[in-house]
Amino acid sequence: MPPRLRPGPALALVWLTLVGAAALLPSWFTALDPLAVAPAERLSGPSPAHPLGTDQLGRDLFARVVHGAGASLTAAALATLVGLVAGGVFGLLAGFLRGPADALIMRLMDMLLSIPGLLLSLALIAVLGPGTRNVAVAVGVTGIAAFARITRAEVLRVREEPFVEAARAGGARLPRVLLRHVLPNSLGPVRALAALDFAGAILAVSALSFLGYGVQPPHPEWGALVSEGRDALRTAWWLTTFPGLAVVVTVVAANRVSRALEGGLR
Amino acid sequence: MNQPLLRIDDLTVRYRRAAADAVHGVGLTVGRGETVALVGESGSGKSTTAHAVLGLLPPDARVTGGRISFDGHDITGERRLGALRGRRIGFVPQDPATSLNPVHRIGAQVAEALTAHGLLGKRPSRAAARDAAVELLARAGVPDPGRRAAQYPHELSGGLRQRVLIAIAIAAGPDLLIADEPTSALDVIVQRRILDHLADLGARTGTGLLLVTHDLGVAVERADRIVVMAGGRVVEEGPARRIVAAPRHPRTRELVAAAPGLDGPRARVARRESAEEHARLDGLTKDFRLHRGGTLRAVDGVDLTLARGETVALVGESGSGKSTVARMLLRLTEPTAGRVFFEGRDVTALRGGELRTLRRDIQVVYQNPYASLNPRMTVARIIADPLVSFGIGDRATRRARVGELAELVALPAELLRRRPAELSGGQRQRVAIARALAPGPGLLVCDEPVSALDATVQAQILDLLADLKARLGLTCLFISHDLAVVRRVADRIGVMRHGRLVELGDADAVLSRPAHPYTAELLAAVPGRDARHRALPSTRQP
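Chains Y and F, in that order, give the protein sequences. The first sequence begins at 2 in our numbering and counts up by one. The second sequence begins at -5 in our numbering and counts up by one.
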């Protein structure tokens, strides 16, 4: 049953769809090459030819933001996936097995939760080395504990339902009970958390790229764009503002969708 | 004073986005000191009618026509009935488990009913409020009211909580009490005490009572007049005795026929049992550890033998240990002591693969068909689930088997693609039975299989179980708190109390000549028994 769409979440969905499309098919949105250098047009403000202006090397900023969406979203999606899958498995096992397994897993999660997220990501990157995939994994790991906790809480509720016992009485082995009966009925709040985590991951990935650990130049990425624009902050406001706005609007949109998911489930 | 206390004329209530009226053109009256029962299946509109009178309709429901007048005043469609509600119209809600605030003491909640109407003066002292609450609890039949007032709701049993709700309802000395299924969550013995008490209060104070119930037995025994509702309309109205003795409307006749009493035909078929032992419980004992330390002995040395093809019923009130016995037989709970034998083999300690093999032979139907089906699976997949789990057949043969099973339990084939939420309670219980029969078990454990269903649906499911038992030669352990249900299906009846099997014998013998005083008490508490005997002497079985 789809939640009833109010204008806010509907707009958010439209924006996320646009951004998703830009990530998959950037050439639909701009014909310009994000890497084409044109020194003659360097640091020109927004104009009909360059709607968001150009950077220090005369590259079209709109093209760079559109092409940067792919790197930002892929990394954020991968990060969410890492958190969701790893956290989901830990939460499922902890909630269903209870006892020592539960205690061990959840104390590990508590340890993970006690380390500030950005610090943990930086430490992981120091070990793994920079790069989009490593940034994604480093951000994803910080989300595991939250996913594990919420999955565990849901599993604790669902495992007491009579239909789970009925499945056991019907001869189902443990993996089947977990995957067919417990997991599908535990995913509601997890889905809402995933949308929320996705928003956080965009921010975290952008932050790490801003610090220079993600996409390597000259390839565009939202956080990296903001970082590059910082050098010309006084003369070219558009270089930091527009990529920054792209991050902010996408994060807010993902938040709205998360809240709509949560409300629709109540 | 010919004017009735409550008068409803042509009341129509509609839910937003609903295709039809929930209540249509309903009229009824309740006089001073009169008890009127509003009877019908779930969905017949009886609770909606009661809530409309109280101005407690949900926000998406609206009174679209008709008049409700109370003591001559028009109160139709008002949502702010504060002055009347509680003060002159008392309400006893259905579910004693959720109708009390868990974080406030009993006494405070009862006193609130008084202070909310300013009945204790402008600024009542704590002591005065407390004394008034204790006095009300005593009037509602709560034993040891002083101690109970200081307790929290979770420390009280269901029956006691229901009395607390009655105390709240009568706090302001109302002229009319509306009770919505006040006893349907309670055991028969507790139910009888509560109903006795309500009747007594009515007789003493001249309070009118509108009793909303799905149980015709309760209605006949307690009400002066019965109003029968079906499909949102009043289909029949009349003196209680007349309604059961000579029902005029077909829906009333259905209700009367389905009412589980201790007379009328038994659905039991000719016995096919043999002397052969199918399953045996030997000195079965179960202790539960309590949070505060210590243990609770839920089941205490139960010995029971099930012969192949017979149905044994275990009867008792909640907490008597009957469900725990069933769960130990199913090997879903480990016994503290004692052994379980199945087909001559000791299965108490089976694990892993061997336990799974055992489960093909012992299957279970649960009490609550709303919770025992996975809401995310279609009916076809639910029924096929044990087949997949046990690796029986391939995709095509499984689909054929699901079709057969659906036919066996009289489930329409078009429902197989739906999800449980789209099915009625009776249909869901048929799905649960089909799932239990899927792996071809020899022994079926039914744990209160009909207690969540309406009387008419109850009768259908009991008939189905009796029919299946005869056709498939199933052995059945049937758990129920309701003797009237049990007598329709059981060959033998075991009565449990405080974890012990206090009586075990042939169904007829237990029902007609109970050996244990507790069994006699249970029998006497079955509602509608005396009234029906008096009203229907001709249908009594010899």
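One or more hints might be untrue.
Below, a sample of chain Y positions facing chain F; criterion: calculated Cβ distance under 10 Å [what the hints assert, rightly or not]: (1) L58; (2) G59; (3) P163; (4) G171; (5) R181.
No lab work stands behind these hints: they were computed from the structure. Predicted model, so just to flag it, every value in this text is computed and none were measured. We put the beta carbon where it would ideally sit given N, CA and C, even for glycine.
Evaluation of the provided hints:
no., hint, verdict
1, L58, "violated, 54 Å"
2, G59, "violated, 55 Å"
3, P163, "holds, 4 Å"
4, G171, "holds, 4 Å"
5, R181, "holds, 8 Å"
Violated hints, listed in ascending order, are 1 and 2; each of the other numbered hints is respected by the structure.
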